[in-house]
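Asks: For the protein sequence lines, the chains are A and B, in the order given.
Mapping the first sequence onto our numbering, position 624 (from 1) lands on 624, and the numbers just tick up by one.
Mapping the second sequence onto our numbering, position 231 (from 1) lands on 231, and the numbers just tick up by one.
Calculated directly from the structure, the hints in this document are not laboratory data.
In this text the structure is predicted, and so the values were computed from the model without any measurement.
Heads up, some of the hints might be wrong.
As the list claims (entries may be wrong) - Example chain A residues on the side facing chain B (calculated, C-beta under 7 Å, incomplete): (1) 172; (2) 415; (3) 593; (4) 612; (5) 662.
As the list claims (entries may be wrong) - Straight-line C-alpha distance at most 27 Å; calculated DSSO-like pairs for lysine-lysine: (6) B:394 - B:327; (7) A:482 - A:525; (8) A:2 - B:123; (9) B:345 - B:406; (10) A:2 - B:85; (11) B:406 - B:394; (12) A:2 - A:665; (13) A:482 - B:85; (14) A:2 - A:669.
As the list claims (entries may be wrong) - Simulated coverage check for chain A against chain B, where a stretch passes if three residues somewhere in it have a Cβ under 8 Å from a Cβ of chain B: (15) 14-20; (16) 254-260; (17) 622-631; (18) 645-654.
Ideal Cβ placement from N, Cα and C applies to all residues, glycine included.
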Amino acid sequence: MKPTPHESANLHVTGRAVYVDDAPSPHGCLWVHPVTSPVARGTLRYADASAARALPGVHAVLFDHDIPGDGLIGPIVHDEPLLSRGPLHFFGQPIAIVVAETRELAEQAAALVTLEIDEQPPILTIDGAIEAQDFLGTPHVIARGDIEKGLEGAEHVVHGEMRCGGQDHFYLETQAALVTPLEDSGFHILSSTQHPTEIQKMAALVLGLPANRVVCEVPRMGGGFGGKESQATQPACWAALGAWATGRPCRVRFSRHQDMAWTGKRHPFMGRYSAGFTDGKLVALKTDIYCNGGWSQDLSIPILDRAMFHTDNAYFIQDLHFQGHACRTNLPSNTAFRGFGGPQGVLVVEDAINRFAESQGLDAAQVRADSFYQEQQPTPYGQVLEGVRLRRIWKELRESSGYPERRSAEQGQGWVRSGIGFQPVKFGISFTASLLNQAGALVLVYADGSVQLNHGGTEMGQGLHSKMLKICAIELGVPQSKIRVMRTATDKVPNTSATAASSGTDLNGAAVKNACHQIRERMAKIRATMPGAPSFAQVALQCWINQVSLAASGFYATPGIGYDREAGRGTPFFYFAYGASVCEVNVNALTGEYRLVRADILHDVGDSILPGVDKGQVEGGFVQGLGWLTQEELINRPNGSAVTLGPSTYKIPSIGDIPRDFTVKLLDKAPQHGVIHGSKAVGEPPFMLAIAVLTALRHAISSFGPGPVELAVPATPEAVLRAITIQKGELPRA
Amino acid sequence: MFSLTLNGTRRHIRDVSPNTTLLDWLRERGHVGTKEGCAEGDCGACTVAIREGESWKAINSCLVPLPAMADREVLSVEGLSEPGKPLHPAQQAMVETLGSQCGYCTPGFVMSIFEAGHRPDLKGPENAWKLDDQLCGNLCRCTGYRPIRQALEQVAGTHPADGFQGQSPPIEALSYQAGEERFFRPATLEALWPLLEHHPKATLVCGATDLGLDITQKGVRFPTLISLEALPIGGLERRETGWRIGATMSLADLESAAPLPILTRMLRYFASRQIKHRATLGGNLCTASPIGDSAPVLMALGASVVLASKAGERSVLLDDFFLDYRKIDLRPGEILAYIDIPHPKPNTLRGAYKVSKRREMDISAVSAAFVVELSAGIVSSARLAYGGMAATTKRASATEAMLIGKPWNDENLELAIAALDFTPMSDHRGSAWYRTQVAGNLLRGFYAETRDTPVPELQEGHIGTVQVSGPVETQP
Ligand SMILES: Cc1cc2nc3c(=O)[nH]c(=O)nc-3n(C[C@H](O)[C@H](O)[C@H](O)COP(=O)(O)OP(=O)(O)OC[C@H]3O[C@@H](n4cnc5c(N)ncnc54)[C@H](O)[C@@H]3O)c2cc1C
Ligand code: FES
Ligand code: FES
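Sequences and hints are given; from them, build the entire structure.
Replies: This is the structure in structure tokens:
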């Protein structure tokens, strides 16, 4: 059967799909541009905007004291001044906004604002923050058993330190917003955001208005990946402030450079560990992990938490002690990014396993498989696992990929060497702040039988609308062609959670189903009074005639989950998604260049609602993970400004980087009980499958000499050549 | 005033600054199907096609100053099919393969695939590598590319009967002014000289793949631009003494004409298809970037540049053309008109290499080209040129001197590598350590590569810039 294309595919390919910046400017529209901090740390003494204000076409230059409402925003704690109040925390921090006739003029005027600043030396790294003991929030501990005894009793103990860098979201569509003031002192916000309710809340807060005065609408996003979960707020609030101050529509769009300079990224992590192994199995793990949170909390605490929830990855560990800290640094506040800390947590344990296998001459895949969770075993935080699919996946993938034969046929001689790696993943599904696991929908049936579908989730390319369409069609019993998915808007579905944590389909799908059932029940009663087999449209008309409501709002909240952070215990996840990959690389020892020549993936998406869409998520997630681990390198100058500000310097994967031999299969017959249509979430888990590439590289590199491999992440050609040189004993180990 | 054809409709343009890019012009006029993803030529979201000869060429609309499109036929994604009518095969393939997720990159990919449909040279497994090349200038953050590649495979080289067959209109001389800003495009050298004389501060432009960045990234507004595009210096000529390449020939045309295998090998990893459709050798040499990719190859081949002015022509060896970091021996009133490459001697070993963080569409960390002449196993001349190792493209003269008169063997190779005396810098593309290691290893790789065949060509699926397809006995 042919896979179902994306619900907007025809619009995409014809260029008719509308994104925020494509919306025509309303009459009198102005542009907003920020005045930003030219230092990463310091204090603003004085700002003079007179030259900027004097430019013809400049309508306003606004500072913190011009904000009518509360100038402090932030997704969890409100610790971010929308415009600086004096202290400067990162290079590019907004100090004021300029509102002007054109984008160029606003930018030009912003450059005319003179600033007097006392500069201080910035802290940019995890090590710097540890030295200064500057942390965000409180540390988190998850422990079980007696770690010291566990390590003492283990046959082998390896110690190590895993470091990974950040990652720019590089959504192809940069941040953008368009705000129109309305007649009744209300505001309409068109935003490229994963979280319209957040935009509504924050804009209302900033303008000192009740939430009902602000409507946020999302046409679609040109990619989000977490980068538009909390950080679409700033541009939208600037535009709202500009619209409030001038009474005219205001818009903003970041250039790529601005987007990369001003917005947060995936958190870099450092994890120190001691891992105990007995009989080739992981039995004890002690970790101390640190993430680089940037200047404010944003989502750093839940990201740290999720990293710790995933430090076990797919392995049962008898004795463990995980501790985590979020570091405060003078960088843009790092934020959500596909996996939400999970990948960084997983990297720690995978690094330990690789190091152990390399130092003992064992096959890392065997160590992994031998350490897999069994049914009914508890996670480190005490959630008992049901429906563990790791062994089944490994068995099927080992066969389909031919792992054992190919592993023993690795080329360990000459200039081009090969390596093959295996990576399993177990990923917890639910927002770990349990209250966020709720969603709403609004289904409107018209008397002619056509349907409008509203739900609280946003479409960023992940195919959520396509899935909602299918669910709605099945639940109402109408063809999809009769249903129109509406833009996400806070005046249709209120109080929504971000479309994040891979949960969009689970939560919104269940809410859509709930709404459809209400309507179906009402229609069924009318249908029963009608002769023959009336069509949906005929029944709809009859309902109207009989004064029966054809609209329903649906709701869903995930049952039975909760987590006590103080105790480090609970059931944070409704269920887990599983998957595994086998990847093979060929490495050129002269330059460190390499090619990923083959990747085989088997992934568990439950009973897929749309297999084509799910496969696309797996492939896209894998390649994004590949980019993070192998080539995407963010570089800052010592003064905290960014070197890597665009695709010319920041290299995300391009078409030549994907394996020519690339097989993705979805696990067959794998319904998930209690989830919409038996499906499972798919957005984030496949991201981690790319770790197989690191293991494969390490295998190839280990053929150059004895001992564990010192391969930095991202494993650029330079990092690989360095690792080879170390392996050959020609460079000292770090 | 000038005019261009957009999606079949003639547009007359006046009062638009010549520093306006084609992309901005399109979007300001409501043709918002074409997207901006970077405005630096690297993401391809802005890809449109222009007709050239009988075919179409994908280009980055974000880098092109609008007047450079005068007289041309431009096709944007909106022009491929009409609402309510069947989709163009390039669009249909992207729908069927699920090649779009968020859809933001999609119009750009569609246009690159459209071009591929009209390319005669993409069929067959021997051309498989060209498929990656065709799309390496388009980034997608959502799909992981597999479905897009599938869409490309379905369409490439099929010559769909889509009504877009035809012949490009002639490109004529242009003299355009909007406000205080001017754009000239003379069609003859005789017309160029007075322009250069009257506008001594004018900036020359050809493909604008470098100059466009000044406009979009640095906000430069050029008061006067003189485009060399319409001058009759864009051809390739085989002369008795060597090849003469016109300075304004597009790199894509040069790549398909393929006069010399090591030039082709360099062009394989030069930027993207879109960039190569506009970029020229003249522009690449005149920007004098120490990591420009053509200079090492041309230098190793002993090329000279022909600099033309009203007073006549002078020929300068490329070695002498680069004076310092981004400084060249180009005098006021001169243009770079031709590049002369002497025919390589038959008994020479030749190789060209490029190492970058990402294989496709990246700027070199190190590039190198080597031409070594042997007589009876003894090195009689050696030209070893490196990019990325110094402030300019530079020959490893100490190493060359050391090799001459010596047998070309393992032992002398190692001595030659030890004699490399560069002190490269560290930056985001590579550390000094890496550059130094690679510089030596490329020579080692060249030695191994050319043992069987003097001028090896790149094979599909090669691992790294040095082509060692399988294991070789020599340990690294
Ligand atoms: C995305 C991207 C990728 C790139 N990748 C690569 C790469 O892989 N390798 C690489 O080497 N370069 C790369 N470049 C740089 C660029 O494409 C080349 O330098 C190109 O060859 C410039 O040619 P052009 O005709 O576009 O020059 P233009 O931009 O038109 O001009 C560049 C400069 O040269 C001058 N000039 C141009 N022609 C002449 C002439 N005939 N006589 C005198 N002066 C002249 C102009 O005045 C101007 O200062 C890349 C650029 C981009 C945007
Ligand atoms: S906008 Fe990215 S290449 Fe033009
Ligand atoms: S589909 Fe989103 S960037 Fe390609």
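Asks: Now look at each hint and say whether the structure bears it out.
Replies: A quick look at each hint next to the structure:
{"no.": "1", "hint": "172", "verdict": "4 Å, holds"}
{"no.": "2", "hint": "415", "verdict": "5 Å, holds"}
{"no.": "3", "hint": "593", "verdict": "4 Å, holds"}
{"no.": "4", "hint": "612", "verdict": "5 Å, holds"}
{"no.": "5", "hint": "662", "verdict": "5 Å, holds"}
{"no.": "6", "hint": "B:394 - B:327", "verdict": "14 Å, holds"}
{"no.": "7", "hint": "A:482 - A:525", "verdict": "22 Å, holds"}
{"no.": "8", "hint": "A:2 - B:123", "verdict": "25 Å, holds"}
{"no.": "9", "hint": "B:345 - B:406", "verdict": "19 Å, holds"}
{"no.": "10", "hint": "A:2 - B:85", "verdict": "22 Å, holds"}
{"no.": "11", "hint": "B:406 - B:394", "verdict": "22 Å, holds"}
{"no.": "12", "hint": "A:2 - A:665", "verdict": "15 Å, holds"}
{"no.": "13", "hint": "A:482 - B:85", "verdict": "21 Å, holds"}
{"no.": "14", "hint": "A:2 - A:669", "verdict": "19 Å, holds"}
{"no.": "15", "hint": "14-20", "verdict": "holds (count 6)"}
{"no.": "16", "hint": "254-260", "verdict": "holds (count 3)"}
{"no.": "17", "hint": "622-631", "verdict": "holds (count 4)"}
{"no.": "18", "hint": "645-654", "verdict": "holds (count 8)"}
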